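Read top to bottom, the protein sequences are chains A and B. So the first sequence is numbered by our numbering: it starts at 10 and just counts up by one. So the second sequence is numbered by our numbering: it starts at 59 and just counts up by one.
Hints are computed from structural coordinates only; laboratory data are not their basis. Predicted model, so just to flag it, every value in this text is computed and none were measured. Incorrect hints may have been included.
What the hints assert, rightly or not - Rough simulated footprint, nothing fancy, chain B against chain A, three-plus residues with beta-carbon under 8 angstroms:
hint, stretch
1, 13 to 19
2, 74 to 82
3, 85 to 94
Each residue gets a CB set at the ideal place from its N, CA and C atoms; glycine is no exception.
For reference, the chains in residue letters:
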Amino acid sequence: MATAGTLESGDILIELSPSARKGIDITLDSSVSYQFGEQIKKVITETLNGYGIDDAVVVATDKGALDCTIRARMAAAVERSAGVDIWDK
Amino acid sequence: MHRLRRTMMFIPGNNPGMMQDAHVYGPDSIMLDLEDSVSTTEKDAARFLVHNALKTIDYGGIELVVRVNPLTGEFGRKDLLAAVSGGAQVIRMPKTETAQDVADLEEEIDRVERKLGCEGRTQIMAAIESAQGVMNAYAIATVSKRTMGIALGAEDYCANIKTTRSKEGTELLFARQTIIVAARAAGIDAFDTVYSDLNDMEGFRREVELIKQLGFDGKSIINPRQIEIVNEVYTPTPKEIEKAKAIIAGIREAERRGSGVIAVNGRMVDRPVVMRAERCIELAIASGVISKEEVYE
Chain A
10 MATAGTLESG
20 DILIELSPSA
30 RKGIDITLDS
40 SVSYQFGEQI
50 KKVITETLNG
60 YGIDDAVVVA
70 TDKGALDCTI
80 RARMAAAVER
90 SAGVDIWDK
Chain B
59 MHRLRRTMMF
69 IPGNNPGMMQ
79 DAHVYGPDSI
89 MLDLEDSVST
99 TEKDAARFLV
109 HNALKTIDYG
119 GIELVVRVNP
129 LTGEFGRKDL
139 LAAVSGGAQV
149 IRMPKTETAQ
159 DVADLEEEID
169 RVERKLGCEG
179 RTQIMAAIES
189 AQGVMNAYAI
199 ATVSKRTMGI
209 ALGAEDYCAN
219 IKTTRSKEGT
229 ELLFARQTII
239 VAARAAGIDA
249 FDTVYSDLND
259 MEGFRREVEL
269 IKQLGFDGKS
279 IINPRQIEIV
289 NEVYTPTPKE
299 IEKAKAIIAG
309 IREAERRGSG
319 VIAVNGRMVD
329 RPVVMRAERC
339 IELAIASGVI
349 SKEEVYE
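Please construct the entire structure, taking both the sequences and the accompanying hints into account.
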């Protein structure tokens, strides 16, 4: 499992684990889950798909993160879990 | 018009809450930091935060600066790629000791820009934070055309010269003056260091007044309350503005007459006076005290 992010205002805490099942399984805790829950899950899924990950378990605790912050935290979690360096070119 | 850089607001690159709000306070520049304010274990995450913030957040006309880690370490090159591909306008390089340090950074920027197809876009701000850096200030300021300014980093500088920072700043005088003179000789901007005591706004104001008088273009800011004070100090007085307006009017009159001699109130006015007047008007317009039309209608 890899973790990225914090519980500070404006941030999102991501715990990323491999999954035995197909698909991205997201558990989201957010004070705006009613208004933005689908959008947050969409950004999480799109970011993972962008890195070629179609199967994963994500536990996300959102504290009002913008989409760019969610993308950044997901990317960091992917980098940490895979042990790869996305910037190493 | 020369871009104003009175305030450069310093934001830790691992703090998304601050990064998304920074522009609300109206600094002239924002510096997203990947270096000393970010712990080693979070450098990877901060790099993504800064990259994504640069690409997504609308900072308006505020200049976007990213402080990267030194190229010689394990983080610097990746920081640079993330910053340049994110669209950073300026790269602040910490702890610049020699002209070669700047040349090495420029070479890496050239390489990244070529790959991305955005050649010539990124500028450099070299932070001088040691005795050696101060001694090499002019070489550092002139080695690369990408360099838009040099800055003083006082905390590391004081440690390097084996003293501590004082309110009066006596220990910084030589460094400050050297950096200003080097910057002016090179035709670039000079930036002063952070003032970290947020409980002493009077002390901060005194320091801003000092560095303005010394000739600095602006200062690093770590709290929005500091922005207002810097802008106030850098706002020309009504008397200064009236005098500058008279000089500009004198120039335009001379142009209309086709004369090379500018006279204001019966006295000849030469180039340095004209330049000071133009700068005064620039600052007055940026501070919202007068409008461009008032001067240049």
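Hint check results:
1. 13 to 19: Result for this restraint: holds, n = 5.
2. 74 to 82: holds (count 8)
3. 85 to 94: holds (count 4)
Of the hints listed earlier, there is not a single one the structure fails to meet.
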